[in-house]
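Student: Line by line, the protein sequences are chains B and U. Using this note's numbering, the first residue of the first sequence is number 1, and each one after it goes up by one. Using this note's numbering, the first residue of the second sequence is number 1001, and each one after it goes up by one.
Read the hints as simulated data drawn from the structure, not as lab findings. Glycine included, every Cβ here is placed at the ideal spot set by N, Cα and C. Treat each hint with caution, since some may be false.
Said to hold, decoys possible - Under the rule of at most 25 Å between Cα atoms (straight-line distance), these lysine-lysine pairs were calculated in the DSS-like manner:
hint : chain 1 : residue 1 : chain 2 : residue 2
1    : U       : Lys1403   : U       : Lys1023
2    : B       : Lys384    : U       : Lys1234
3    : B       : Lys143    : U       : Lys1023
4    : U       : Lys1107   : U       : Lys1134
Stated by the list, open to error - Here are some chain B residues pointing at chain U (derived, C-beta under 10 Å):
hint : residue
5    : Ala7
6    : Val12
7    : Ser15
8    : Gly16
9    : Phe40
10   : Ser84
11   : Asn107
12   : Glu154
13   : Ala157
14   : Gly158
15   : Glu375
16   : Arg395
17   : His444
Residues per chain are reported as follows:
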Amino acid sequence: MTEVLAARARQVIRSGDGKAGIDCEKQSVAGSVSQRACTFCGSRVVLYPIADAVHLVHGPIGCAVYTWDIRGALSSGPELHRLSFSTDLRERHVVFGGERQLEDSLNELIERHHPAAAFVYATCIVGVIGDDVSAICRVVSAKYGIPVIPVQSEGFAGSKKQGYDAACEALMTLIGTGDTAGVGKHTVNLLGDFNLAGEIWIITEYLRRMGVEVVANLTGDGRVADIQRAHGAALNLVQCSGSTTKLAMQMQAKYGIPFKKVSYFGIDDMAGALYAVAEHFKDPEMLARTRELVSEEIAEILPVVEECRRDLEGKRAAIYVGGAFKAISLVKALRLLGMTTVLAGSQTGTPEDYEYLTDLCDAGTVIVDDSNPAELSAFLSEGKADLFIGGVKERPLAYKLGVAFCDHNHERKLPLEGFIGMANFAREVRASVCSPVWQFAPRHQPAIKEV
Amino acid sequence: MSITELPKALADQSKVPSSTETKSSSTTNACRMCMPLGACLAYVGFEGTVPFLHGSQGCATYIRRYLISHFSEPMDIASSSVGEAATVFGGEENLRVGVANVSRVYKPLMIGLASTCLTETIGEDVPGMITRIKDPETGLRAETGQATPELVFAPTPSFAGTHADGYHAAVTAVVKELAEVGEETESVNLFPGIVSTADLRHLSEIVAGYGLPHALIPDYSERLDGVTVARYEKLPGGGTTATAVAGSGRALASITLGGMVTPGVDLAGEVLQEQFGVEHLRMPLPIGIRLVDTFTDRLTELSGQPMPHWLDAERGRLVDAYIDGHKYAADRTAIVYGDEDLVVGVTAFLSEIGIRTLLVASGGRSGQLAAEIAKLTPARAADIEVLDDGDFHEIEARAAELKPDLLIGHSKGYATSRRLGIPLIRVGLPIHDRVGAQRLRHLGYRGTQDLFDRVINTLIQVRQDESAVGYAYM
């Protein structure tokens, strides 16, 4: 057993132990080596895929360096988002202020790249040195006639979640500024899908087959002009609920657009998402088309899932991802592969998500919020996990212990959404779990008995 | 079908050096990392040490992610998780709680503290906080009953320098804290700089080959290139011991490899010379025969021993390899970019195999790069463009004009390599798109041999792929 810090004691629970719900939505405990990043990270994640905008990080170089082209948010056209722009503040700016540097940088980058908009991300020191980012943005916006939007993403302002909120606020300033003429009746916006490995194109194609048109992608393969007319859509579909539920709520309040929280991971949730759309539009023909689509797609991937299941039946999985809503889909998808979940955790889950997750998981499953390497590695060992699902920071923990790994974060190169995504997920999990290399890992050698 | 292929046109040397062009205000695709990253990397090279950043949570996590992607090893970095209230009222409580929590969970021998942009800007007095943590009456021990590990601190705001500066600031902080005076020993301090884990192991092997007792400061070769285990080790073994650092003050001499830092950052070797009278020599990273010879000559001087036979044999084989491969290098050109220390060594190496470096670029700003290049390649210095404090916007623009045969640098140049169709030979840090970054060798005759083979084989492969004939022999 690992020692969980006293300050974190209520952020770890076990399914079925009858105790009160998990503690979450808290600032990370100092010295806990949290896997979380910061407010800036949250904003950057949400806005990053808008491909025809300049994303200028206002601050010293680090924040821009570590977010340069590290996410597989694909674009079907411009790729400005894959460049890392920074005002690269130096000591003199810290002393005398960075406003001039920001203005010069914006002028230079807008003239160089002719973007449809510019986002300016405030990093930790910007507020401290007293830069009026909004004022500079207004000046530059007036000069070039494009939206120049400040993002209040100072790292210290909270966790990733506050960054999501800041990004949603920035998006709200764009939404409603475009012409909605020609936006049809059966239309949606896709919120919280970042088009990793081209996933949003898979979902868009499903919707097209159902007779539903997408107005704006928020934000995968996103375009400024589309976002500006997003208020014309009839429905918002919210996929990564942690990041964009707030945006959906704001759009509902301001423009009366209803929203549905959906997940595109796994067969059940993917089908559920499409049916939810069809039901919303109350169009019997659309519902019939949806049924046909779902049965066709499932028929196509089921053999793959069944084949993988034969090799994976009875194996044990651990999950630690960004949001708990995704963890719910993963638990279900793993069940489809015959696997049980011994650990389900996330960086920024909400009380509702955790509650659902706790009910969903088998008794004894560890549910954890804002965990760290010391805890996660102990949970992996205690739960005798055969597979760990997470991101780059979780990968070495798994490998060090001789545990298979599936990347379900923004670095993934294989689409995991949609029905085809379930087949990819099954193959990816099998590829790692069933690799012959584990035979050499100390954990799997009978000579070494764990105590 | 032509049977002979003409070599590519040689790059036009009359082009205006980039330094005369207008410098951009903004930075696009930086060619450097931040100071705290370097500090964390250095701290990991000391036994039982947990790096700890005093700042917002994101810095630690971003840096972990970045280094994990390079080393494929767990990289635990603690953070004081400074939030809004701490930014306004000060982060002392966060730092103190953080140190207590790290001490409890990791039971470290040392916590390597480093500041960030935020905590430097709000004027946090970390040394004062450390003093209060260590206070026997009111400190952490009195409060929690548990022993407090050694605490060291390096100021590392990103706006003041690069990752290389952060690395040296941390090494110097540890040496200042732990080095002891005493009777001079036979031991040599070797400050290796930011090199691969394979390089670190090889450096130790070379120095040991001269029978020299030595301290490699720091040494992350075990922690960042570890073995698979049955039970997770929160603090894996390895790293320079506190005893070894203590002994650095009594050493016979210090050698700093590279050590090009932004003015204002002290090197540990300089501090040992000034405060402990330990003779200090700074030399370029030993890449290429001449620079490795400089290093090994110094080891002979210090040890009184000739070059060990196995090393002499490696040198001999390298000369043999140079001769075997020299024709493929002739008239070829390269752009070298990355850490200042590394690009200097690589450029010197290229010059001795007949490859002309057209541009040497770095995000570093020691101000010494042009002079170092000129010193090591006097005959060609006028022809080599030098770009310091540069970014990939500038590097790519120059590469598009200069049309070199090779790019040599870390993996962040891949986009440029792909857009321009110029092969990239990956060296240094970070390498995020290949396995084995930690195993890449650059130093010594052996590292040079690896580098030489990769360079020549890349050139051969390009020729082979372009060839209408498809020669299956050399």
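Student: Now look at each hint and say whether the structure bears it out.
Tutor: To see whether the hints hold, each was checked on the structure:
{"no.": "1", "hint": "U:Lys1403 x U:Lys1023", "result": "21 Å, holds"}
{"no.": "2", "hint": "B:Lys384 x U:Lys1234", "result": "18 Å, holds"}
{"no.": "3", "hint": "B:Lys143 x U:Lys1023", "result": "23 Å, holds"}
{"no.": "4", "hint": "U:Lys1107 x U:Lys1134", "result": "16 Å, holds"}
{"no.": "5", "hint": "Ala7", "result": "8 Å, holds"}
{"no.": "6", "hint": "Val12", "result": "14 Å, violated"}
{"no.": "7", "hint": "Ser15", "result": "23 Å, violated"}
{"no.": "8", "hint": "Gly16", "result": "26 Å, violated"}
{"no.": "9", "hint": "Phe40", "result": "6 Å, holds"}
{"no.": "10", "hint": "Ser84", "result": "5 Å, holds"}
{"no.": "11", "hint": "Asn107", "result": "8 Å, holds"}
{"no.": "12", "hint": "Glu154", "result": "8 Å, holds"}
{"no.": "13", "hint": "Ala157", "result": "6 Å, holds"}
{"no.": "14", "hint": "Gly158", "result": "7 Å, holds"}
{"no.": "15", "hint": "Glu375", "result": "9 Å, holds"}
{"no.": "16", "hint": "Arg395", "result": "7 Å, holds"}
{"no.": "17", "hint": "His444", "result": "9 Å, holds"}
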